[in-house]
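Protein chains: 2
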Amino acid sequence: MHLPAELSAGQFQLVYNMLSLAIAAMIASFAFFVMARQQLTAKYRPAMVMSSLVVLIAAYHYWRIFNSWDAAYALSASGSYAASGKPFNDAYRYVDWLLTVPLLVAELVAVLALPKGHRGPLMAKLVIASALMIMLGYPGEISSETGPRIGWGLASTVPFLYILWVLYSELGKAAADNSGETKVLLRNTQLLLLATWGFYPIAYLLPVLGISGASSVIAVQIGYSISDIAAKCGYGVMIYAIARAKMSAEGVEEVAS
Amino acid sequence: MHLPAELSAGQFQLVYNMLSLAIAAMIASFAFFVMARQQLTAKYRPAMVMSSLVVLIAAYHYWRIFNSWDAAYALSASGSYAASGKPFNDAYRYVDWLLTVPLLVAELVAVLALPKGHRGPLMAKLVIASALMIMLGYPGEISSETGPRIGWGLASTVPFLYILWVLYSELGKAAADNSGETKVLLRNTQLLLLATWGFYPIAYLLPVLGISGASSVIAVQIGYSISDIAAKCGYGVMIYAIARAKMSAEGVEEVAS
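Residue numbers (the working numbering), protein chains in the order written: chain B, 1089 to 1345; chain D, 1089 to 1345.
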């Protein structure tokens, strides 16, 4: 991403503090998912393991992104922040998504606890499509021209829509098999997925929409961070709630750990 | 916060060592709560999980605050410490509270082990009010003028009083259902809450009360640190004691872990 030459102290610190908040949220979520796993029966544990890996990977990348942001600007004598010349590394986010998005979709399949023969092919389709989605988006993200950004963005949208279609149709079927609390939670998870994943293409397109300079860079960083917290931490907590609701529906209240 | 241009070696080191003490207390508390969780029956474990997340998040932020304090001053040839020009980042405390205060109030609700239908709405009210309290306080904290500091402080006091009122009335009812040791512990937790939370508004108002310069900065940092240790570590230990007392009253002495 092309960085503006100068940011006000408030602008620089807003991104700085948001990235730090994301680190804290990812670390705490990792501890939570590791402990929460022990409150679940064996068939729901793989979903929590995946949740914990997602936020561990994200904690590492947010640490790197934070340091990269800090190094990209230097406090000037006037109290504003001037670009130091060191590049701000966008690739950390894409490497993060390349590893975590396949895990996130697999997590949802895992918590549905589908029959074994059905689960494998579904996971394979989703994992391949989500890796493809990230890889096709990256050349557009690093391009400063409008044409390639839109072209690669459109290419990346194809696997994105495919994932949403598969998850919605499968989740719809799975929800129909459940009742009460579980059904409501599964529907809420669909909404969370749509709300958080829907933000990424918007942030991606901001530079194309003519929103440029400092506002664009800040909006993209804040937006991606909030989306990541919702899509990783918030989503993992909902997956945990679904697993607990399903255990409750199965008449299992407590786990001997 | 506006930093004084110069601190004596004793003043600088007092804050420096207090921040380090807080890091050690948070790390040790994290280990304690993770282990203590396994001495509790399943229904009291969520309270310990929340305790452990609170101190893990605080350990991260105290690490950052310590580094920020260290970078904000440089040892001068005369043996005193001169402001380096790098800002001391106050936002770490607010980001910490934004994440931990909702967990702290949820923790108290969790240890009461209320019926499910009653617990959810109570937690939701408290979590929203506590997030609101922190967010309304921040604009006042970073303002160097008296007017905004008092205005935002008063706005933040509204959700603060609401939380205290809800916790007191609910804790009062919960305490009435208990007897002996649990009752005493619940009352002590009320007192600890009032004593520790009561300090934050005092520290917040110090600059308004005319206590300025080095004394004010040092008093605020030492005060916030002691309050955080009491409100996070001490409070978590009391929550553990309440859970153990309730287990004892229920006739459960040991947990197979």
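None of these hints come from the bench; they were simulated from the model.
Heads up, the beta-carbon is just placed ideally off N, CA and C, and yes, glycines get one too.
Hints may contain errors.
To be verified - As a list, the in silico DSS-like pairs of lysine-lysine whose alpha-carbon atoms are at most 30 Å apart: (1) Lys1261/B <-> Lys1174/D; (2) Lys1131/B <-> Lys1213/D; (3) Lys1174/D <-> Lys1213/D; (4) Lys1271/D <-> Lys1131/D; (5) Lys1271/B <-> Lys1271/D; (6) Lys1271/B <-> Lys1131/D; (7) Lys1204/B <-> Lys1271/B; (8) Lys1213/D <-> Lys1261/D; (9) Lys1204/D <-> Lys1131/D; (10) Lys1271/D <-> Lys1261/D; (11) Lys1174/B <-> Lys1131/D; (12) Lys1174/B <-> Lys1261/B; (13) Lys1131/B <-> Lys1204/D; (14) Lys1204/D <-> Lys1271/B.
As the list claims (entries may be wrong) - Some chain B residues close to chain D (C-beta under 7 Å, calculated; not the full set): (15) Ala1112; (16) Ile1115; (17) Ala1119; (18) Phe1120; (19) Val1122; (20) Thr1129; (21) Ala1130; (22) Glu1338; (23) Val1340.
Unchecked claim - Where chain B lies over chain D, by a calculated footprint (3+ residues, C-beta under 8 Å): (24) 1173 to 1183; (25) 1205 to 1211.
A quick look at each hint next to the structure:
1. Lys1261/B <-> Lys1174/D: The given pair, whose Cα atoms are some 56 Å apart, is violated under the 30 Å limit.
2. Lys1131/B <-> Lys1213/D: 33 Å, violated
3. Lys1174/D <-> Lys1213/D: 39 Å, violated
4. Lys1271/D <-> Lys1131/D: 19 Å, holds
5. Lys1271/B <-> Lys1271/D: Violated, at roughly 39 Å.
6. Lys1271/B <-> Lys1131/D: Distance of about 24 Å is within 30 Å: holds.
7. Lys1204/B <-> Lys1271/B: 21 Å, holds
8. Lys1213/D <-> Lys1261/D: Given pair Lys1213/D, Lys1261/D holds - Cα atoms ~17 Å apart, limit 30 Å.
9. Lys1204/D <-> Lys1131/D: Holds, at about 11 Å.
10. Lys1271/D <-> Lys1261/D: 11 Å, holds
11. Lys1174/B <-> Lys1131/D: 51 Å, violated
12. Lys1174/B <-> Lys1261/B: At roughly 50 Å apart (the allowed maximum being 30 Å), Lys1261/B and Lys1174/B break the hint.
13. Lys1131/B <-> Lys1204/D: 24 Å, holds
14. Lys1204/D <-> Lys1271/B: 18 Å, holds
15. Ala1112: 5 Å, holds
16. Ile1115: Holds. Min distance 6 Å.
17. Ala1119: 5 Å, holds
18. Phe1120: 6 Å, holds
19. Val1122: This interface hint is violated because 9 Å lies over the 7 Å limit.
20. Thr1129: With a closest approach of 13 Å, the Thr1129/B hint is violated.
21. Ala1130: For Ala1130/B, the interface hint is violated, since the closest Cβ of chain D sits about 16 Å away, which is over 7 Å.
22. Glu1338: 16 Å, violated
23. Val1340: Constraint on Val1340/B not satisfied, violated at 11 Å.
24. 1173 to 1183: holds (count 7)
25. 1205 to 1211: violated (count 0)
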